[in-house]
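Dock chain B against the given chain A, drawing on the hints supplied.
Residue numbers (this note's numbering), protein chains in the order written: chain A, 103 to 432; chain B, 242 to 584.
It is possible that some hints are incorrect.
Taking lysine to aspartate or glutamate pairs in the EDC-like style, the calculated list, with each CA pair at most 20 Å apart, reads [what the hints assert, rightly or not]: (1) A/Lys266 - B/Glu568; (2) B/Lys408 - A/Asp161; (3) A/Lys357 - A/Glu428; (4) A/Lys153 - A/Glu122; (5) A/Lys153 - A/Asp121; (6) A/Lys390 - A/Glu428; (7) A/Lys357 - A/Glu329; (8) A/Lys359 - A/Glu376; (9) A/Lys266 - B/Glu565.
Simulated from the structure, these hints should not be mistaken for lab results.
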Amino acid sequence: MENTVVEMSMQKALNRGLDELLTEDPRSMIFGEDVGGLGGVFRITDGLQAKHGSTRVYDTPLAESGILGMSIGLAMAGWHPIPEVQFDGFAYPAINQIVCQLGRMNYRSRGTLPMPVTLRVPSFGGIRAPEMHTESLESLFAHVPGLKVVSPSTPHQAYHLLKKSVLMPDPVMFMEPKSRYWQKGEVDTENPGDLEGSVIAREGRHLTLIAWGAMVARCLQVAELAEEDGISIEVLDLRWLKPIDAAGLAASVSKTKRAVVVHEGPRTAGLGAEVAQLVSESCFGVLKAPVERVTGFDVPYPSGDLEDEYIPNIDRILFGIQRVLEYRRG
Amino acid sequence: MTDAPRLEPHADELGTDELLKLYSLMVRTRQLDVAAIAWQRQGILPGYAPELGQEAAQVGSAYALDFARDFAFPTYREMGVALAAGVDMVEYMSTHKASWHGGLWNPAETHVAPIQAVVAGSVLHAVGWAHGQTVDGTGNVALTYFGDGASSQGDVHEAMNFASVYKAPVVFFTQNNGWAISVPTERQVAGGSVAARGAGYAIPSIQVDGNDVVAVVRAVRAAVEHGRAGNGPAMVEAMTYRRGPHSTSDDPGRYRSLDDERRDGGEDPLNRLEATLREAGALDDATVADISEQAGEFVEQVRLGVDALDARPGTEMFDFVFQEPTEALAAQAANWREESEHV
Numbered sequence: 103m104e105n106t107v108v109e110m111s112m113q114k115a116l117n118r119g120l121d122e123l124l125t126e127d128p129r130s131m132i133f134g135e136d137v138g139g140l141g142g143v144f145r146i147t148d149g150l151q152a153k154h155g156s157t158r159v160y161d162t163p164l165a166e167s168g169i170l171g172m173s174i175g176l177a178m179a180g181w182h183p184i185p186e187v188q189f190d191g192f193a194y195p196a197i198n199q200i201v202c203q204l205g206r207m208n209y210r211s212r213g214t215l216p217m218p219v220t221l222r223v224p225s226f227g228g229i230r231a232p233e234m235h236t237e238s239l240e241s242l243f244a245h246v247p248g249l250k251v252v253s254p255s256t257p258h259q260a261y262h263l264l265k266k267s268v269l270m271p272d273p274v275m276f277m278e279p280k281s282r283y284w285q286k287g288e289v290d291t292e293n294p295g296d297l298e299g300s301v302i303a304r305e306g307r308h309l310t311l312i313a314w315g316a317m318v319a320r321c322l323q324v325a326e327l328a329e330e331d332g333i334s335i336e337v338l339d340l341r342w343l344k345p346i347d348a349a350g351l352a353a354s355v356s357k358t359k360r361a362v363v364v365h366e367g368p369r370t371a372g373l374g375a376e377v378a379q380l381v382s383e384s385c386f387g388v389l390k391a392p393v394e395r396v397t398g399f400d401v402p403y404p405s406g407d408l409e410d411e412y413i414p415n416i417d418r419i420l421f422g423i424q425r426v427l428e429y430r431r432g
Numbered sequence: 242m243t244d245a246p247r248l249e250p251h252a253d254e255l256g257t258d259e260l261l262k263l264y265s266l267m268v269r270t271r272q273l274d275v276a277a278i279a280w281q282r283q284g285i286l287p288g289y290a291p292e293l294g295q296e297a298a299q300v301g302s303a304y305a306l307d308f309a310r311d312f313a314f315p316t317y318r319e320m321g322v323a324l325a326a327g328v329d330m331v332e333y334m335s336t337h338k339a340s341w342h343g344g345l346w347n348p349a350e351t352h353v354a355p356i357q358a359v360v361a362g363s364v365l366h367a368v369g370w371a372h373g374q375t376v377d378g379t380g381n382v383a384l385t386y387f388g389d390g391a392s393s394q395g396d397v398h399e400a401m402n403f404a405s406v407y408k409a410p411v412v413f414f415t416q417n418n419g420w421a422i423s424v425p426t427e428r429q430v431a432g433g434s435v436a437a438r439g440a441g442y443a444i445p446s447i448q449v450d451g452n453d454v455v456a457v458v459r460a461v462r463a464a465v466e467h468g469r470a471g472n473g474p475a476m477v478e479a480m481t482y483r484r485g486p487h488s489t490s491d492d493p494g495r496y497r498s499l500d501d502e503r504r505d506g507g508e509d510p511l512n513r514l515e516a517t518l519r520e521a522g523a524l525d526d527a528t529v530a531d532i533s534e535q536a537g538e539f540v541e542q543v544r545l546g547v548d549a550l551d552a553r554p555g556t557e558m559f560d561f562v563f564q565e566p567t568e569a570l571a572a573q574a575a576n577w578r579e580e581s582e583h584v
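Next comes chain A alone, as it looks inside the complex (with noise of 0.2 Å):
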């Protein structure tokens, strides 16, 4: 049998399924700004206008809201656009089109106009970058309506949730952990796995870390060390931040009667909120603690000298974690 797991980045594994996609797919279009000749600036269309034509991977002006309401159209027309937004904080200005419009059409005309659209957001800190270009936007897209919201935390599954993403008939924000891009994984390219819900990352029985894109890989290091002192951890990697996996949830807190969530964005109304309250639904006979959030703050995403101690760490994680451990009733 032939081996088909290959030892590639986050960063090759997207342009890999790009790649595929043009190729399988004849009405897929890629567009946004620099993603033409140079690649994008984080090179996840390297090579594709070379191979796939300008036609098919192409350079935008620079304007959001231009780029997402021109994805509309191109639906409208039969498309299946893959637009780009630079970085997670340049949606905001598109952020009219995505949710009044990208969220609404296929609703507003009761099903005659689909909108396969997937967003592809380099989403989340922790590259030491300028101001709004390390947004975490999982709340604001799981709030609006019509949006579905994904985000992969390896190789294997960038390559693989992208591809579902981009043949599914619905909008995906596509948010892609930019600090991961360069972080090699095995890529298994014909065995996809289950890409539906929830994934186990690390198993364990005393309490589950509930997170996704970056973080996962910090809370699979928090597990480890957690292991050295006895603490058996279990990773949940929720990956569809839209719809979440309730029931992935309950089946691991169930086992562990504990969890903590991890977060990057902002704690009030962030996404955690939404997790803790779909475990407290399934899992409050059986909870120990109440559900614990790590989260960024209700700040402002700090400059790059201050973006590790907004980000949840090592430490804080392990505080989470200690917190519930130690919770005692009355």
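This is chain B only, laid out in the frame that chain A set:
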């Protein structure tokens, strides 16, 4: 900087049969518009955005399109466009009946996009659709509607720039009706006119008398031909006048007087076309009465249809959010059914 390119009107004159067809469409539009205001007063419609005075601009621009291949992107005040495009007017009026925001007609089949509540919201959609036509090599053209108020939105400028960069076959059709609710054009539009902005994007543009249906048709035909030939976008600014209120909730008396309206409204576009046709000997009292009577019957049929529109089943709230519904949404729908329908 190069001189502003000017779009020249289409050379072909309109034949009498075409003018009569336009007249008939405009009469229907006028009668339905007037009726819709009455229906709002009678409680049949919760609200309505009248197009009174814009019949020539709306019917003329739609008439210049081929709806078998082209695509129109209306706002919320394009009843005359939908009528001329052949949209079922009960399905159109359903948006004002509060049945369904976008309207009940099928935009994919009729090539008239759903009602757009966001000012300038769909202008970029027209550019994307048109760019798709370029790549597919169809020669089909998109026409996007927006007003003098919407011309202030950034999306219009992004759309004009994108369209010009990609040479997308889009007709930017502005109905400058003098008022954005209570704000007059002179406090809305800098640079002299909306059409003047075309120069900044190298888009051939023309400003026409929007109450002259022939001028509108010839300008839009030229713009459509420009796009079909692969020459990219063109712009038509139709100067007209919003003779009615912004909506049935509006009170124009707070910002303009009846004298203002009489002075600025100009000659009624419908009367102008009727006079032209009478002068040409193509219209007499009997024909006018006949067309008016037919329009009245048409409006009565629409009234019966609108009045008979029941509220959509509540399940539709959930049915059209996604093509592939999520389990969470299905659970909400099931819960709603249990608690509201006791099933």
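Looking back at the numbered hints, which does the structure fail to meet, lowest number first? No hint contradicted; all consistent.
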